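Given the coordinates of chain A, assemble chains B, C and D with the ligands onto it according to the supplied hints.
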Amino acid sequence: MTKGLYNISHNKKIAKDIYEMKLTGDTSSLSQPGQFINILIDGFYLRRPISVCDYDKNSITIIYKTVGEGTEYLSTLKENSGLDILVGLGNGFDTKKSGGSPLLIGGGVGVPPLYMLAKRLIDEGKSVKVIIGFNSKDEVFYEKEFNALGAKTFVTTADGSYKTRGFVTDALHLVGTYSYFYTCGPKPMLKAVYNSCETEGQFSFEERMGCGFGACMGCSCKTKYGDKRICKEGPVLQKEEIIW
Amino acid sequence: MTKGLYNISHNKKIAKDIYEMKLTGDTSSLSQPGQFINILIDGFYLRRPISVCDYDKNSITIIYKTVGEGTEYLSTLKENSGLDILVGLGNGFDTKKSGGSPLLIGGGVGVPPLYMLAKRLIDEGKSVKVIIGFNSKDEVFYEKEFNALGAKTFVTTADGSYKTRGFVTDALHLVGTYSYFYTCGPKPMLKAVYNSCETEGQFSFEERMGCGFGACMGCSCKTKYGDKRICKEGPVLQKEEIIW
Amino acid sequence: MVDISVMLCGIELSNPVIPASGTFGYGYEFREFYDINILGSFSFKGTTKEPRFGNPTPRIAECTAGMINSVGLQNPGIEKVISEELPKLKECFNKPVIANISGFSVEEFVYCCELIDNCEQVGIIEVNVSCPNVKHGGMSFGTSEKSVFEVTKAVKKVTTKPVVIKLSPNVTDIVSIAKACEDGGADGISLINTLLGMKIDLKTKKPVVANKMGGFSGPAILPVAVRMVYSVYEAVKIPIIGMGGVSRAEDVIELMLAGAAAVQVGAANLINPYAAKEIIEDLPKVMNKYGIKSLKDIIGGAHNG
Amino acid sequence: MVDISVMLCGIELSNPVIPASGTFGYGYEFREFYDINILGSFSFKGTTKEPRFGNPTPRIAECTAGMINSVGLQNPGIEKVISEELPKLKECFNKPVIANISGFSVEEFVYCCELIDNCEQVGIIEVNVSCPNVKHGGMSFGTSEKSVFEVTKAVKKVTTKPVVIKLSPNVTDIVSIAKACEDGGADGISLINTLLGMKIDLKTKKPVVANKMGGFSGPAILPVAVRMVYSVYEAVKIPIIGMGGVSRAEDVIELMLAGAAAVQVGAANLINPYAAKEIIEDLPKVMNKYGIKSLKDIIGGAHNG
Ligand SMILES: Cc1cc2nc3c(=O)[nH]c(=O)nc-3n(C[C@H](O)[C@H](O)[C@H](O)COP(=O)(O)OP(=O)(O)OC[C@H]3O[C@@H](n4cnc5c(N)ncnc54)[C@H](O)[C@@H]3O)c2cc1C
Ligand SMILES: Cc1cc2nc3c(=O)[nH]c(=O)nc-3n(C[C@H](O)[C@H](O)[C@H](O)COP(=O)(O)OP(=O)(O)OC[C@H]3O[C@@H](n4cnc5c(N)ncnc54)[C@H](O)[C@@H]3O)c2cc1C
Ligand SMILES: Cc1cc2nc3c(=O)[nH]c(=O)nc-3n(C[C@H](O)[C@H](O)[C@H](O)COP(=O)(O)O)c2cc1C
Ligand SMILES: Cc1cc2nc3c(=O)[nH]c(=O)nc-3n(C[C@H](O)[C@H](O)[C@H](O)COP(=O)(O)O)c2cc1C
Ligand code: FES
Ligand code: FES
Chain A
1236 MTKGLYNISH NKKIAKDIYE MKLTGDTSSL SQPGQFINIL IDGFYLRRPI SVCDYDKNSI
1296 TIIYKTVGEG TEYLSTLKEN SGLDILVGLG NGFDTKKSGG SPLLIGGGVG VPPLYMLAKR
1356 LIDEGKSVKV IIGFNSKDEV FYEKEFNALG AKTFVTTADG SYKTRGFVTD ALHLVGTYSY
1416 FYTCGPKPML KAVYNSCETE GQFSFEERMG CGFGACMGCS CKTKYGDKRI CKEGPVLQKE
1476 EIIW
Chain B
1236 MTKGLYNISH NKKIAKDIYE MKLTGDTSSL SQPGQFINIL IDGFYLRRPI SVCDYDKNSI
1296 TIIYKTVGEG TEYLSTLKEN SGLDILVGLG NGFDTKKSGG SPLLIGGGVG VPPLYMLAKR
1356 LIDEGKSVKV IIGFNSKDEV FYEKEFNALG AKTFVTTADG SYKTRGFVTD ALHLVGTYSY
1416 FYTCGPKPML KAVYNSCETE GQFSFEERMG CGFGACMGCS CKTKYGDKRI CKEGPVLQKE
1476 EIIW
Chain C
46 MVDISVMLCG IELSNPVIPA SGTFGYGYEF REFYDINILG SFSFKGTTKE PRFGNPTPRI
106 AECTAGMINS VGLQNPGIEK VISEELPKLK ECFNKPVIAN ISGFSVEEFV YCCELIDNCE
166 QVGIIEVNVS CPNVKHGGMS FGTSEKSVFE VTKAVKKVTT KPVVIKLSPN VTDIVSIAKA
226 CEDGGADGIS LINTLLGMKI DLKTKKPVVA NKMGGFSGPA ILPVAVRMVY SVYEAVKIPI
286 IGMGGVSRAE DVIELMLAGA AAVQVGAANL INPYAAKEII EDLPKVMNKY GIKSLKDIIG
346 GAHNG
Chain D
46 MVDISVMLCG IELSNPVIPA SGTFGYGYEF REFYDINILG SFSFKGTTKE PRFGNPTPRI
106 AECTAGMINS VGLQNPGIEK VISEELPKLK ECFNKPVIAN ISGFSVEEFV YCCELIDNCE
166 QVGIIEVNVS CPNVKHGGMS FGTSEKSVFE VTKAVKKVTT KPVVIKLSPN VTDIVSIAKA
226 CEDGGADGIS LINTLLGMKI DLKTKKPVVA NKMGGFSGPA ILPVAVRMVY SVYEAVKIPI
286 IGMGGVSRAE DVIELMLAGA AAVQVGAANL INPYAAKEII EDLPKVMNKY GIKSLKDIIG
346 GAHNG
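Protein chains in written order, with our numbering: chain A, 1236 to 1479; chain B, 1236 to 1479; chain C, 46 to 350; chain D, 46 to 350.
Possibly wrong hints are sitting among the right ones.
To be verified - Selected chain C positions facing chain B (in silico; Cβ < 8 Å):
{"hint": "1", "residue": "G55"}
{"hint": "2", "residue": "G67"}
{"hint": "3", "residue": "G70"}
{"hint": "4", "residue": "R104"}
{"hint": "5", "residue": "M112"}
{"hint": "6", "residue": "G229"}
{"hint": "7", "residue": "D232"}
{"hint": "8", "residue": "P318"}
FYI, nobody ran anything at the bench for these hints, they're computed from the structure.
None of the values given here were measured: they were computed from a predicted structure.
By construction, the Cβ of each residue, glycine as well, lies at the ideal position given by its N, Cα and C atoms.
For reference, chain A alone in the conformation it holds in the complex (with noise of 0.2 Å):
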């Protein structure tokens, strides 16, 4: 984990309350997709944690959805002004289990890390195909991107404004066979697709958090492993340790 004071490069809408923001400064410790960053914002108390969506050697690329007042207010930050952030947090997602076909599942703003994810994947010369579920056309972003990186895209609106209607999991019928899956979204979305897919894989979850590193215990689930910690332990679970 390293803190640091990062300059925000580019802070664009790409959907319907949906922004892309680009952020300057140390990545070294950053290493797994499905990691996440934790965002102090000016006036608020708690900082704002964020996943990773893409990085390279000094830049960090993230996609926030305004929800509240904090992602509001970090939705009206210009070009060149600097944030404190916590860099490198969680565990991230596994890819070495993957096997040769991994799919990819994202609904709404879980759909961010499994960019990085899909990336790495190809990278490391596997076929991956993406399901991203959003809840209408304006809404969707990043089919393109998937595409350009080489995975088959699907895509879920769930009042059927663009591509197949209904959930993510109304896709699963039409991606054929996989090895193995990778999944993040809302907690409704993620029993689906656990319920659903019948091949192993990893679940990235959400949880309230008071440090993102560790030192609160604020953020603890059970599992069949023993209490974890989302922020340090996860967000990334294993399929077969969840309990719901």
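Using the frame of chain A, we list chains B, C and D with the ligands on its own:
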């Protein structure tokens, strides 16, 4: 009283720890010299009361000393930033009672409100003398400005590093006779002036304030004419009513 | 169109927003800023039997997200309030006002309430039991079930107006104390008065306020207020006037969800003289955002399910 | 050169800054951030007789200038702390540590203190009496003079280590409770634990934390902490560990002027993992600014004159 957003048109250091700030905006609620404004500073709960040093149709000049965190922060603000300010607070000095040759006595950041007062008195055709006192040479400000108004100006420094050594009262023997006096400065100075000046006069007081406009009773003081609020029936009190 | 009206002790208020005692003087001073008839009501400066200058200055200290005051109930005494302040107020406020009463003995409370009972401008009497009980060792009336019960009983005897008891948060068990008020016949509970706080000046190395400690209020105390309103709501049937740190329409709704029937705004008036007005104006917008049609419907809403 | 060392219960601390229980785990996790030997000491996560998962999530809510937590004493139980956590800590911390102990009956406190008594790594036992007293109706131990006296007496019997009682601020009369600890033989008082607070989510219209209410801490509560430390300092002779909202060197000095012999830093560690380190580094600078030569000399300084 008006509440408004005022624009900083300049904010510059004019002596050690002393800044002059010019604010543009509505000044219709100002009428007397000696009134004050109450400035909301980002990150601080209470406003900061600062005397009006000068004003015209659409600008206000203030002079402030960096004594704590609020004023420190104020001194870092750049031109064109906006400040939420309550303007037109307090009773101010009454020039009618001055007689033909009033004496103005100011110490440290008690000097600023006397500038507007001197201007007003001179406009009214009176012969104005001024004593302004500071700790030492590097803290002296506005000597030139008072002289430029046509007020005969005497400066004291406590350490004798400039002009008369000592306190403002140590220059009283230099000024000759005067018809009336007006004074503003730290409480010990006001007390010394009270004991040394034999004419009638007016004193401007400071007190910790909750609101600055008469709502909280935070700034009350006892006078011979009953309880008064420094922010509303003050900050200027008549010599004859003061109870130390 | 959303409905922002509420009922408080049998009185219909056009909205739940009430400037809190001690932060709005006797009202007419604020008419320089806006027509105060837009307010639900307002609670006037804590008034005692005898005139009081209050505590020595400095009386005010700044804190993170709040302030400390040790005004010490400065007021001209109940007689003068009735003969001078209420008539002046009448000229600019045509709604029932809340009379905030303080005292240092049961007799003083009774004395004031008896006099206030005849003032038709007064809709509700708010009895502030946070002052030290001089007859019983100086701990405030508001810290013992027995003494709040006694005060409530005594004042209820001398007035036909609704009596709301305003409680101090500086207690171990706010619920039992609120229940004692209800048992004593109170028509409502005001929650919360200020937290006891202190600020020390690093330059002088002494407490900032001359009285050493004082009442801490402002946004910092909202979570304590919400908790106390929530707990008391589960224990009593009489309405609660919530307050403590309210500075925006969202805070009003939060306290109402916790169980407040109406909400007072204190320190916020001092920082922004238009605070109460702006909160009232923002209410419909914020209600729309959170899908609230009528404020009456959300009182205690956080307790369901 | 200024002197930032202090004495606490007979132990010399290189500086007064101590991460507060529950915000610094069992210590070794912070060595990723800095060499934790720079700390005066630290108080480890509240530990109970039995392992505890704690409360359901969400356990955290954000407030103005603070946060609410309802972690509910998640810990692996005293045995595992002694057998696993303390040995791990030994590798990165060579100073006496403060063992924070909780319990739901006097026997549980005694059990933990007896075991801890044998741990040479532990310099001070900090007994947190804010947990509900399950044998006496659920009000916390820390809210009654009688039960703090009992707990203190009982744990003092089974340990030779200094015992500091950590008190809850949610009481009417902190002074009497602190005195009862002193009478029971306590070697010090820790002040304050969290204020009881609540935050309601306007979207869901329900309390944010699953447990409904929780412990409110952060800069918002500093004025309450300063007041309680100040009041207790006048009433007891044993040292006070001050805490509540400390986030910078200035706050440390303010609490020491009020009467604290040492100071704990809680929530600030969560927002900024380097908080304690930065505070220690800033102390000399801030002392110079305010003309302070030695921290030992300023303890209770706000009481003089
Ligand atoms: C590991 C992790 C990764 C995340 N990645 C992303 C991402 O890539 N993109 C994205 O848009 N969102 C992501 N979130 C959710 C994001 O943290 C919240 O949407 C955000 O904190 C809301 O802040 P706010 O001030 O707008 O909302 P408010 O509701 O005003 O926030 C109030 C408090 O609740 C917390 N909170 C609110 N919602 C959540 C939530 N869903 N999860 C955790 N804390 C919450 C806030 O952090 C804050 O402390 C992630 C959450 C976690 C735990
Ligand atoms: C009517 C009036 C007119 C004033 N005019 C001027 C002026 O023209 N120029 C100038 O430099 N100063 C003036 N002052 C003093 C000025 O208000 C304080 O220096 C300033 O508030 C300090 O703020 P701070 O945050 O830097 O200090 P801090 O000590 O950090 O402030 C903490 C709190 O104490 C209050 N406070 C501190 N010192 C004073 C003080 N002397 N008087 C009142 N409140 C105080 C602050 O407003 C704040 O609420 C005036 C004060 C009053 C009451
Ligand atoms: C300057 C000031 C004076 C106050 N005077 C009184 C009073 O006279 N009577 C009373 O019952 N409460 C008094 N209070 C308490 C407020 O009415 C209110 O209960 C408290 O401040 C909490 O609300 P707030 O956080 O919105 O300020 C006073 C508060 C302030 C800030
Ligand atoms: C997440 C969290 C967990 C805590 N856990 C404990 C605990 O286990 N035992 C204890 O005595 N205090 C606990 N506390 C209270 C702190 O030690 C401290 O007394 C309180 O938070 C006030 O300090 P602060 O404002 O600096 O946070 C906890 C506080 C927080 C924020
Ligand atoms: S958020 Fe603090 S331990 Fe996970
Ligand atoms: S500062 Fe509020 S009445 Fe003067």
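A quick look at each hint next to the structure:
| no. | hint | verdict |
| --- | --- | --- |
| 1 | G55 | violated (29 Å) |
| 2 | G67 | holds (7 Å) |
| 3 | G70 | holds (5 Å) |
| 4 | R104 | holds (5 Å) |
| 5 | M112 | holds (6 Å) |
| 6 | G229 | violated (30 Å) |
| 7 | D232 | violated (28 Å) |
| 8 | P318 | holds (6 Å) |
In terms of the numbered hints stated before, the structure departs from hints 1, 6 and 7, listed from lowest to highest.
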